[in-house]
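The opening residue of the sequence shown carries number 1 in our numbering; numbering runs sequentially from there.
Calculated directly from the structure, the hints in this document are not laboratory data.
Ideal placement from N, C-alpha and C gives every residue a C-beta, glycine not left out.
Some hints could be false.
Just the calculated beta-carbon pair ranges, DEER-fashion [claimed, not checked]:
#1 Asp356 with Ala404: 28 to 36 Å
#2 Asp258 with Glu215: 19 to 27 Å
#3 Asp262 with Asp58: 37 to 45 Å
#4 Glu129 with Gly70: 51 to 59 Å
#5 Arg368 with Ala322: 37 to 45 Å
#6 His46 with Phe379: 45 to 53 Å
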Amino acid sequence: MKPRLHRPRELAQRLRRVARLRPSEVEEYLEANPEVWTALAEASPHDAADILESVSPDTAGELLSPLDRGQSAPILEELRDELAAAFLEELPLDEAAEVLEEMAATEAVDILENMETETVEAMIDLMDEPAGSEVSRLFHYPSDTAGGLMTTEVAALPIGLTAGEAIERIRTIRETVEDLTYVYVTDDFGVLRGVLSFRDLVFVRPSVGLDEAMEASPVTVHTLADREEVSELMQRYRLMGLPVVDDLGHLQGMVTYDEVIDAVQAEASEDFAASVGAGAEETIYTAVLSSVRMRLPWLTLNLLLAMVVAFVVERQTGIISAEPVLAALMPVVALLGGNGGVQSLAVVIRSMAAGDLPRARIWEVLRRQVSIGLLNGAFLAVAAMGLTVALLSFGVFSSNYGAAQVAPVVGVTALANLTIATLAGAGIPMALRRMNFDPALASSIFLTLITDVVGFGGFLMVAAAFL
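Build out the structure end to end from the sequences listed, making use of the hints.
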């Protein structure tokens, strides 16, 4: 592989593609051509970060080491936060602090959240002002709040300016403010008084004052508001940015649309992980022992609940001895209930995450889910009975009692399990929320208990009554 260097961005993209398939080849090439790596890092930090994530950690560290802080900071911003944190921890504290100074404060905080508090405080203490104060202030906001999501680099102008003066002022701050979608207007005390889009500001006559052109009393969010509230407000009012204020209304920053998208994706992935008993913060790169600590408690609970199912089944082993085909049909009923319950669970958790499930509509939602379970259950009960009859009639399965007696057992329990599972899939996250727990908290584990008890134990109880 001998790509030319006169187009470093194209070379970076090619190396990124190769690194995902044959990382060792890229490692050898970059180690042999350090000047190429330096040029790539400067020309395309995003592609350089993708290359680092594809190669081995040792090679990535060797590639980052010779870069100056102005080159390494943009790359670290593009890396996964936990990987960037690991690289920073390998540096001396003073060098790590210098790299953090080159980053946007919000990006620096995202990385620091993956480090020990003592290390973070030491790095912040070594940072020059005003970067150190800015990072320190943002770091103390929880990551899932508006304060943790906001950027402090906003276009904030005093209310006494005219539109023409405001545009001239923006020309001087555009180097430090990346997002100029909105211009916020504050009074002498920093209290937010109004907002107008940059597009509207451009078309206002230069002599018109900002107090006349702005939209007064804009939609705001408190620094400690949950990210769900931030997302809901931005979707409801179709905003590209949401101003963040403190208790007294002072403008603290702005949550951008991109940050909200990232937050919603993060929450969705955390909810999915929590619903199956994995750690909400766990990724494929989490340390082995940390992953074990996150998963083991829920797996232990799963074992205990499985013993409940085993106990229920053991009480009915007599009917299995009398009709062995029941052992083959039991998993069918349990599987149908499990899938139906998970579908209901996913719909309800997604609605909760989007804020679409107010408490006043809980009973309506439960009734709707039961209706869905009954209709699906009725159709699948008939289908299951038909398939059971066919398999027994053609000799695929053998029975001591005959198809006419075994098929109704499958049909009745399929209908019951799907109905109960759909109700449980909707009810479990609602019950958890009512008890002030995370609605996604290992919901599937409790759902599995219910569907297995009904699918196995209930199936055998019905069989004992019918046969």
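(message) Of the numbered hints stated earlier in the document, which are not met by this structure?
(response) Of the numbered hints given earlier, those the structure breaks are 1, 3 and 4, listed in rising order.
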